[in-house]
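K.L.:
Sequence:
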Amino acid sequence: MKKFFYLLMNILPIAIGYGVFAILLIMFGRIPSIGQSILKLWYIPFAILTTYMGYIILKDFRSTKPTN
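For the sequence shown, counting from 1, position 28 maps to 28 in the working numbering; every step adds exactly one.
Source of the hints: derived by calculation from the structure; they are not laboratory data. For each residue, glycine too, the CB sits at the ideal point set by N, CA and C. What you were told as hints is all true, and nothing was included just to trick you.
Label pairs and their in silico Cβ distance ranges:
no., residue 1, residue 2, range
1, Leu49, Phe5, 19 to 29 Å
2, Ile38, Phe61, 30 to 40 Å
3, Leu49, Tyr6, 14 to 24 Å
4, Tyr6, Lys40, 28 to 38 Å
Work the whole structure out from these sequences, hints included.
P.N.:
In structure tokens:
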């Protein structure tokens with residue numbers, strides 16, 4: 001049950017982070033000169049953010065393992 005709560009505590013910041021990222025991507029995408037270059041490279045920060053959050057979740061999940 002403790003692992004489940006750790007997982008839920010990590011999902012909320014991910015959802016908020018991706019929501020903010022999507023909103024900023026939409027806002028900057030509407031700027032003609034800057035937006036087009038950002039829309040071509042959006043996947044780089046998205047991949048970095050996803051990798052980091054996956055690492056943190058895995059680290060927290062492993063830290064809840066009972067030690068023998």
